[in-house]
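Undergrad: Chain by chain, the residues:
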Amino acid sequence: MSRVRIAIRDLSKTFVQGPREVPAVSAVSFDVQDREFVAVVGPSGCGKSTILNMIGSLIAPTSGEILVDGTRVGARPAPQIGYVFQKDTVFPWRTVERNIALGLEYRGLGRAEVVARVKEAVKLAGLEGFEEAFPATLSGGMRQRVALMRSLVVNPEILLMDEPFGALDTHTKLNLHAELLGLWGSRQQTVVFVTHDLSEAITLADRIVVMTRRPGRIKLVYDVKLPRPRDVIALRESAEYLREYGEIWHALGEEFQERLG
Amino acid sequence: MKPGHGSVWAWRVGILVAFLVAWEYLTGIKAISKMPGLYWIDPFFISRPSAIARRFVFLMSDEVRLPLWRMALSTVQSTLWGFMVGITSGFVAGLLLGRNDRIARVFDPFIVAFNSLPRIALVPLITMVFGFGLLAKIVLAWSIVFFIVFFNTFQGARSVDADLISSARFLGAGERQILRTVIVPSTLAWTFASLTPSISFALIGVVVGEFIGGESGGGLGYLIIQSLGTLNAADMMVALFVLGAIGIVMALGIRQIEVRLLRWRPEYQKR
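If you read the sequences in order, they're chains H and E. Going by this note's numbering, the residue at position 213 of the first sequence is 213; the numbering climbs one at a time, nothing skipped. Going by this note's numbering, the residue at position 122 of the second sequence is 122; the numbering climbs one at a time, nothing skipped.
In case anyone wonders, no lab produced these hints; they're calculated from the structure. A couple of the hints might just be wrong.
[As the list claims (entries may be wrong)] Derived CB-CB ranges, DEER-like:
(1) E/Val92 to H/Gln17: 34 to 44 Å
(2) E/Arg263 to H/Gly110: 52 to 62 Å
(3) E/Asp163 to H/Gln33: 21 to 31 Å
All values derive from a computational prediction rather than experimental measurement. Beta carbons: idealized from backbone N, C-alpha and C, even for Gly.
Take these sequences, add in the hints, and give me the full structure.
TA: Right under this line is the structure:
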């Protein structure tokens, strides 16, 4: 029996920009079950990142509430939450291994354990040989891999990801999809993944929340029935993938059309 | 070492030698032959390399009451003290005000007012308060260095990336840990950028202090003023050359430290 990890109830957010009020998210409600991988997709500016930021306590809701494991989120993020930003948030003055070690250091773990767990994470992410490299010498894909491992090494039960692969090229993106699925397959965190890339959402998620254009409301919630484990390359040629893609694309397309019209 | 490094050095040395030879030669041509004291370019004002070298050796010896190396040491000592006190206090103040809007707003007019005051106008006051010795020179150097470092650090502390702070918080950092692992390192990058100008300005402050500090303060600035009093161009040139050498060594030293501390920055990466 699955239990609800994140409960979003009638959530709205209106930004005040000088004299104007800009509604970003309007009356959104959905649940995320334990160990579920949920993707939130929608046209840009639909408030999908705003929802994620509210779950992570980065911004406060205008109305409605969010419960994480039954507790209403407040000013500080719940300790079981990990967050991967779209922007590069690897600390440039720390080497790869010292970046990955950050969360372990914050928790006051002993040196030996930090070293062991960082070593394991470096291996998992395929970053061997780059332990002592500074981020400035790495490619965007490798930096994002460091950011991902840095979040995962502390074993967060809930992982919020805000278009983490948005700035990467298709090839690097597919590699990271495969890696993320592999990591998720072994640890099964509860994930909320925001993206504007529909194929990315179908590749990764169990369930897709499709948003309308601004102010963002839920257009539809779609259950992805593709079997796991998934092969990120072969998947895209399967009839099932194409059928699901078509169905969601139709709903998304309506949103794009409304904007154009 | 890059290719062509040797030839760059050859050019540098060549230019220096040509300059010294021209100086020596041009100040030796008499305007009217056999008439003493009339030159096309009068060594009375700018001296000659040979005379400067002789005075250098003499001033270094123990035959003078205050040998040159003692004066140089005094200047270096005051500069380094003023520099270190200046960067430390400037960093702490910059960090404090940069991360605290309220304190920054309160202090803003005072800082602007004090900084717009030409520091040289403070020299007599500082001398009156701190006497003619080492301390006055250090205070003067500090008063300049402090503001350079302060403004840079202040700017750095304000521009710490909010997403880096958030990501640290998501990794479980408390406020003190955020200060230590995000705010301080991020700000330090800006502070380090002010080190090179700071050491030059510390030297300026010290030499100006020595101009009116008199013999008890010692230092190369004192030698310059003394040479002016005795119209001794050679001694003045000795002081200037030694000051130049000190300036170069200090700047190179700071540069080394900067490269070491900022090795994570793209512009300092080895290619």
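Undergrad: Out of the numbered hints, which ones does the structure contradict?
TA: Hint 2 is the one this structure does not satisfy, whereas the remaining hints hold.
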